[in-house]
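Enquirer: For reference, the chains in residue letters:
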Amino acid sequence: MKLIVAIVRPERLDAVQEELQRVLDEEDRYRLTVDSVEGHGAQAGEVELFRGRAIRPRLVPRTRITIAVNDSYVDRTIDAIVRGARTEGAAGAVGDGKIFVQPLEEVVRIRTGERGERAI
Amino acid sequence: MESTSSVAIDAGSTAWMLVSSALVLLMVPGLALFYGGMVRRKNILSTMMHSFVAMAVIGVQWISIGYCLAFGSSWHGVVGFDPSLVALQGVDHLKTYGDKRIPELVFIMFQGKFAIITPALISGALAERLRLRSYLVFIALWATVVYAPLAHWVWAADGWLFKLGVLDFAGGTVVHIAAGVSALVLALLLGPRRELRGRAAAVLLPNNLPLTLTGAGLLWFGWFGFNAGSAVAVETPVAGAVAGLAFATTQAAAAAAALSWMLVERWHSGKATTLGIASGIVAGLVAVTPAAGHISPAAALVLGVLSGVVCYGAVQWKHRVGVDDTLDAFAVHGVGGLLGAVLTGVLCVTPVAGLLASGDPTQLGKQLVGVLAAVVWSGLGTFALGKLVDKLWGLRVSDQQERDGLDISTHGERGYHLEQA
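So the protein lines, in turn, are chains C and V.
Going by the working numbering, 3 is the number at position 3 of the first sequence; the sequence numbering is gapless.
Going by the working numbering, 274 is the number at position 274 of the second sequence; the sequence numbering is gapless.
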């Protein structure tokens, strides 16, 4: 099992969800958690305007998507997120985000107490 | 001005003045939203508090002594006083004001709202670092020592600027020049916010522009009372036609200035912004304030276009010289007020013809005297009071309090707890 954490542009969340739904919907394996985060990477902030003055915020808003998947779903999940989150056609742009994949030790479904791959 | 209830109360004028007074008061929470949205999240409450607390402090001051000093019997046209007006003890509710057919209490309330909003306008220059206690004392002193005499000069029948024939329909000099110049002086006394010391491009972004837009909308709405309500002062014995004129010019100037600010900003910075259109609305409303009942709607369009461009330019000038007037109280109210007060002398058609209509520069000259008097008086008065309060308590919060934000350090509250259920 893997925990996939993706940081994407907030405005790409809808596209990412559509792509994820397409690959993960079978067998009802499509579950995700979304939260709003702030940070910066190589893009060093977008420009905002305040009464005619351009300001580069230190932190820019991004959306974090967290998905736990069984091993056989890892690659297609990653591909789906990349397809949905990449901007400017297939080329992509600085600031499109990143995906982190970590091993996942255990999953527990609180309702039933099920554990492991069945609980995911 | 001694008055007796010799004239009958006019229902129409009285009703409109009651509504106008409430409209002008609504501008104060409108201003709180306008300013509050533009500061950082940690200072939204303290910034809104500056407007709200003005309703409390000046609301008491105006009834106690402010009205007496502004509209009491004139001492050489400089300041008013009347023992019977202290705490309004001699004002019977049946008494009318001067030659107007409205109760004096209604006139007192209407004027009192102007006295409230003027110091609140100043607070925009001081946001994110001003000490609350010093602000409270400062505005109480300022309303008494600076505002009340200035209102007397311009609006009382025996005031020296009024007698000279200076036109200030609804407060271009008394409200906007006085607030704008005082804002600039206090911003200089206070110094820049810690992030702006020594560098120009710090990251200070607004926390909630939808609040600012809501505030701009309320200001526009309330300004109809501010300007069209002021017709009662020039129209005798009842307000009507001039109120309609002031209403139309207010609408024209606000719309034209919103448009011109938006366009000049699009040209200069590449984007038409929502803060830009909100700022343009206010700039146009400020500029038309002294002119509202004196110019035509077409002239108000011209005045509006000019005010949007000139006030936008004034904001850019601020960035260049490095004065930390946090929310541009000087660039919008000071500069917009100056522009409007001067152009009133050019564009006015009633009750006197200005430079454009008659070729006679007399009225323009009078306007310049009024502007100069307001700039010098409010500038010097604010400098003296600012220095005094700074000596007594310090105008600024500590560096640590400023870093933590005034909401938590001064008020023990936060404006937003959106993440918690």
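Since the hints were derived computationally from the structure, they do not count as laboratory data.
Be a bit skeptical, because a hint or two may be false.
Said to hold, decoys possible - Below, simulated EDC-like cross-link-like pairs (lysine to aspartate or glutamate); rule was C-alpha separation at most 16 Å, straight line: (1) 42(V) <-> 402(V); (2) 98(C) <-> 35(C); (3) 271(V) <-> 46(C); (4) 98(C) <-> 75(C); (5) 271(V) <-> 48(C); (6) 2(C) <-> 88(C).
Keep in mind the model is a prediction, meaning the values are calculated, not measured.
Enquirer: All hints, please: hold or fail.
Expert: Hint check results:
1. 42(V) <-> 402(V): 9 Å, holds
2. 98(C) <-> 35(C): 15 Å, holds
3. 271(V) <-> 46(C): Holds: residue 271(V) and residue 46(C) sit about 14 Å apart, inside 16 Å.
4. 98(C) <-> 75(C): Roughly 15 Å separates the two Cα atoms, so the pair holds.
5. 271(V) <-> 48(C): Holds, at about 10 Å.
6. 2(C) <-> 88(C): 29 Å, violated
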